[in-house]
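Chains as they are written, first to last, in our numbering: chain V, 1 to 496; chain X, 1 to 312.
These aren't lab readings, by the way, just hints derived from the structure by calculation.
Be careful, since some hints might not be right.
Using C-beta positions, here's what the derived DEER-type ranges look like [what the hints assert, rightly or not]:
(1) N87/V / L9/X: 32 to 38 angstroms
(2) V135/X / L100/V: 50 to 56 angstroms
(3) I162/X / G361/V: 26 to 32 angstroms
(4) R470/V / I120/X: 52 to 58 angstroms
(5) V23/X / T71/V: 43 to 49 angstroms
Derived pair list, reagent style DSS-like, types lysine-lysine, alpha-carbon separation capped at 27 angstroms [claimed, not checked]:
(6) K6/V / K186/V
(7) K410/V / K392/V
(8) K336/V / K11/X
(9) K46/V / K392/V
(10) K392/V / K10/X
(11) K125/V / K186/V
(12) K410/V / K313/V
(13) K392/V / K113/X
(14) K296/X / K367/V
(15) K296/X / K10/X
(16) K2/V / K125/V
(17) K367/V / K357/V
(18) K186/V / K246/V
(19) K246/V / K367/V
(20) K336/V / K410/V
(21) K296/X / K336/V
(22) K336/V / K257/V
(23) K113/X / K336/V
Quick caveat, the model's predicted, so the values are computed rather than measured.
Glycine residues also receive a C-beta, built at the ideal position from the N, C-alpha and C atoms.
If you want the building blocks of each chain, they are given just below.
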Amino acid sequence: MKVTMKGISKSFGPVRVLDGIDFSVAGGEIHALIGENGAGKSTLMKIISGAYSADSGSILIDGELAAIRSTREAEALGIAIIHQELNMIPQLSVMDNLFLGREPNRFGVIERSRMQAESASWLGKVGARQINMNRAAETLSIGLQQLVEIAKALSLNARVLIMDEPTASLTEREIGTLFEIMTDLKSRGVGIIYVSHRMEEIFKICDKVSVLRDGHFVGERLVAQTSFDEVVNMMVGRELKERFPKREGSLGPVRLKVDDLADEGNIAGIHFEVRAGEVLGVAGLIGAGRSEILNALFGVNRRTSGQVLLDGKPLSIGRPADAIAAGIGFVTEDRKSQGLVLGLSLRENVTLVHLGKYARGGIINRKAEERAVKKLMDELQIRARDAELEVKALSGGNQQKVVFAKWLAKAPKVLLLDEPTRGVDVGGKAEIYHTINRLAAAGTAIVMVSSELPEVLAMSDRILVMREGRQAAIFDAKAVNQEQIMTAATEGMRAS
Amino acid sequence: MTAQQKATLKKLGPLLALVAVCVWLAFMSPNFLTVSNSFDVMRQVSINALSAFGMTLSILLGGIDLSVGSILAVSSVLAAMTMRGGHNAGLAVGIAILAGAGMGSLNGVIIAKGRVAPFIATLGMLTLLRGVALVLSKGSPISGFSSHIFAMLGGGYVARLIPVPVVLMLAMFALFWFVLTRTVFGRHVYATGGNAEAAKLSGVNTNRVQILAYTVSGAMAALAGVILTSRLDSAQPTAGAGYELDAITAVVLGGTSLAGGRGWIFGTLVGALLIGVLNNGLNLMGVSSFYQQVVKGSVILLAVLLDRGGKT
Numbered sequence: 001m002k003v004t005m006k007g008i009s010k011s012f013g014p015v016r017v018l019d020g021i022d023f024s025v026a027g028g029e030i031h032a033l034i035g036e037n038g039a040g041k042s043t044l045m046k047i048i049s050g051a052y053s054a055d056s057g058s059i060l061i062d063g064e065l066a067a068i069r070s071t072r073e074a075e076a077l078g079i080a081i082i083h084q085e086l087n088m089i090p091q092l093s094v095m096d097n098l099f100l101g102r103e104p105n106r107f108g109v110i111e112r113s114r115m116q117a118e119s120a121s122w123l124g125k126v127g128a129r130q131i132n133m134n135r136a137a138e139t140l141s142i143g144l145q146q147l148v149e150i151a152k153a154l155s156l157n158a159r160v161l162i163m164d165e166p167t168a169s170l171t172e173r174e175i176g177t178l179f180e181i182m183t184d185l186k187s188r189g190v191g192i193i194y195v196s197h198r199m200e201e202i203f204k205i206c207d208k209v210s211v212l213r214d215g216h217f218v219g220e221r222l223v224a225q226t227s228f229d230e231v232v233n234m235m236v237g238r239e240l241k242e243r244f245p246k247r248e249g250s251l252g253p254v255r256l257k258v259d260d261l262a263d264e265g266n267i268a269g270i271h272f273e274v275r276a277g278e279v280l281g282v283a284g285l286i287g288a289g290r291s292e293i294l295n296a297l298f299g300v301n302r303r304t305s306g307q308v309l310l311d312g313k314p315l316s317i318g319r320p321a322d323a324i325a326a327g328i329g330f331v332t333e334d335r336k337s338q339g340l341v342l343g344l345s346l347r348e349n350v351t352l353v354h355l356g357k358y359a360r361g362g363i364i365n366r367k368a369e370e371r372a373v374k375k376l377m378d379e380l381q382i383r384a385r386d387a388e389l390e391v392k393a394l395s396g397g398n399q400q401k402v403v404f405a406k407w408l409a410k411a412p413k414v415l416l417l418d419e420p421t422r423g424v425d426v427g428g429k430a431e432i433y434h435t436i437n438r439l440a441a442a443g444t445a446i447v448m449v450s451s452e453l454p455e456v457l458a459m460s461d462r463i464l465v466m467r468e469g470r471q472a473a474i475f476d477a478k479a480v481n482q483e484q485i486m487t488a489a490t491e492g493m494r495a496s
Numbered sequence: 001m002t003a004q005q006k007a008t009l010k011k012l013g014p015l016l017a018l019v020a021v022c023v024w025l026a027f028m029s030p031n032f033l034t035v036s037n038s039f040d041v042m043r044q045v046s047i048n049a050l051s052a053f054g055m056t057l058s059i060l061l062g063g064i065d066l067s068v069g070s071i072l073a074v075s076s077v078l079a080a081m082t083m084r085g086g087h088n089a090g091l092a093v094g095i096a097i098l099a100g101a102g103m104g105s106l107n108g109v110i111i112a113k114g115r116v117a118p119f120i121a122t123l124g125m126l127t128l129l130r131g132v133a134l135v136l137s138k139g140s141p142i143s144g145f146s147s148h149i150f151a152m153l154g155g156g157y158v159a160r161l162i163p164v165p166v167v168l169m170l171a172m173f174a175l176f177w178f179v180l181t182r183t184v185f186g187r188h189v190y191a192t193g194g195n196a197e198a199a200k201l202s203g204v205n206t207n208r209v210q211i212l213a214y215t216v217s218g219a220m221a222a223l224a225g226v227i228l229t230s231r232l233d234s235a236q237p238t239a240g241a242g243y244e245l246d247a248i249t250a251v252v253l254g255g256t257s258l259a260g261g262r263g264w265i266f267g268t269l270v271g272a273l274l275i276g277v278l279n280n281g282l283n284l285m286g287v288s289s290f291y292q293q294v295v296k297g298s299v300i301l302l303a304v305l306l307d308r309g310g311k312t
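Given these sequences and hints, build the entire structure.
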């Protein structure tokens, strides 16, 4: 099956978000669709999957004009989308989720045996036969949930599969599994549209890459005939000087010293030091206890043992407010649920942490607040019409910069970063790296958890590798490569 | 029209509705738009408005306070008992409001520290405190206070024109406006209601914010109780039953979201006035009280439906 979009345009009010886009995907190919946040990728995917309708342009399926007015119609034509935020009902079983809305039934009574047999067969097709289909969906890892979603799409007879940032919350190993399944689907004639910010993956798995910028179609390339630099240039429309900017400055004395840190069952025996101006990367598989180190340090999770020294003085941190008072900041993993109050304005989010700085006797000095926000917006290159905009309306990259800005109103002594560039495009990433470097140069000690190994290797001075809740190794970032880190992260674990 | 203009227009929707109803009533009944009737309406509204201001805080936090009617009754009985005990009006009012704050803070502690859903916690307190009011008063009204000052609270006028309860209502409105828009506490209410986890991770003491909000809600219910007691020259242990629903109606009509984190105090004032104006206007037109309920309910549903329609 070949789906071709011709001259697709779409406006929201006066804003034209797509302007004459030509894009096509054929069966048996994996076609990457990339572009910076706000380039129009999601809108285009919503049009092809029936959530939006285009203002002009046409969609052809195998050369025939098709009308797609709803997701149901798209599904009927064989086009399915797997969203970044998975669409499962957490309390229902895997099987119930697979057949939600189309349960095999007889006079309204579900035919369980038929459902079981069909579930097993579809799960088998995505190499996930081992999943117990009676388990509640929420008890599966994100990686497995995604496989269930793919199985569901296949069971709907999808011939074209759209995957929106499918690897954003997967471990390296889960990504490996996913790629195997994608390759298998491809060999069976399924076309895949792959939306991602991760360039490495595009060069590893995709056949073609199409680039959008500011609602325009920039071009299509065969992956085998293009280069990383060319694609990035197409995307940002300018020469991106360095992907990972270099850091100036030298390391100071030890800022943060952690001894024998343990929490209630996730991590134990963690000990490390971070110097002023140093970035300590934390690598490991998802579930290895990387985020838990940060949560224990910040007082989110209870510590059962361990001593934390800041500038040589012991800290007692029972809750986040204590950590903040000591000069620790925390850019959390999930900006929507933990980092931002989406319904509040950019200004109100930025000043939430250090609101007291702009208040006297509990009364906020609005002028001082606005000045501070303006300054931080300039410093971090937050692009928004004005500070009164709800953060909900900002792009992922700008939202992430707002989360950073929250902690920079007062220079933090220690900054904890959990996946600081997740869901941020290449340009936005570079700006965030600049901010990290600037903070380090100013003497902040930084602990950065990240699933993107190139990022950890390039941004860190040293790298702590976690494995099953324990500290597996600490490497000098200059003297280690991806393979060594992965080996340390998985050594001794059952191969599966 | 830009998104921002649309949002502003939508925010002013309740006010437009109020104006429209007033214009309509002015045509229907010549007595409606007189100075004395206007202040009458506002005086009738004041008791609901005061408890609705407090309710706005709990609803902004994504919670609810079902116990305001019962808190009102207990405070009212306590004020009356103090007066009957021969003490002065200041002490009576002080005790009532402190007691209201105390009952409210108990709500807050149960919700924040006990991690009980606000609906359940305050539902329990609604029943419990109604019992307390009956126990304290032995089930009968307490009437007849000799204090002139106490009588002024509900029945007096400022400058011989504006009823004291109206002045109190407007003063409290101004105070709430200031607190919600200009203070750290106000900001923390919106942040906690919008995303409690993000607020906590930003160092906001969300427990304290909750406890304080329910404390204020209790104190406001008590203030409403004092005014009612003064107006009636009597404290009824059964007073205030169902007032929580009127207060919630005013808050919701004013555009504050039951999901928390979004809303404003001006909307609550407008919502309370809208209910009061409808009551008054329908009375003036001689509509039977049975039909009045039908009309009021329809207006509420219409307002909320229009509000939903504005979203995309």
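Hint by hint, here is what the structure shows:
no.	hint	in the structure
1	N87/V / L9/X: 32 to 38 angstroms	holds, 34 angstroms
2	V135/X / L100/V: 50 to 56 angstroms	holds, 53 angstroms
3	I162/X / G361/V: 26 to 32 angstroms	holds, 31 angstroms
4	R470/V / I120/X: 52 to 58 angstroms	violated, 42 angstroms
5	V23/X / T71/V: 43 to 49 angstroms	holds, 45 angstroms
6	K6/V / K186/V	holds, 24 angstroms
7	K410/V / K392/V	holds, 24 angstroms
8	K336/V / K11/X	holds, 25 angstroms
9	K46/V / K392/V	holds, 19 angstroms
10	K392/V / K10/X	holds, 18 angstroms
11	K125/V / K186/V	holds, 13 angstroms
12	K410/V / K313/V	holds, 20 angstroms
13	K392/V / K113/X	violated, 30 angstroms
14	K296/X / K367/V	violated, 43 angstroms
15	K296/X / K10/X	holds, 21 angstroms
16	K2/V / K125/V	holds, 22 angstroms
17	K367/V / K357/V	holds, 12 angstroms
18	K186/V / K246/V	violated, 40 angstroms
19	K246/V / K367/V	violated, 36 angstroms
20	K336/V / K410/V	holds, 23 angstroms
21	K296/X / K336/V	violated, 39 angstroms
22	K336/V / K257/V	violated, 30 angstroms
23	K113/X / K336/V	holds, 25 angstroms
Going down the numbered hints, you'll see the structure goes against 4, 13, 14, 18, 19, 21 and 22, while the others check out.
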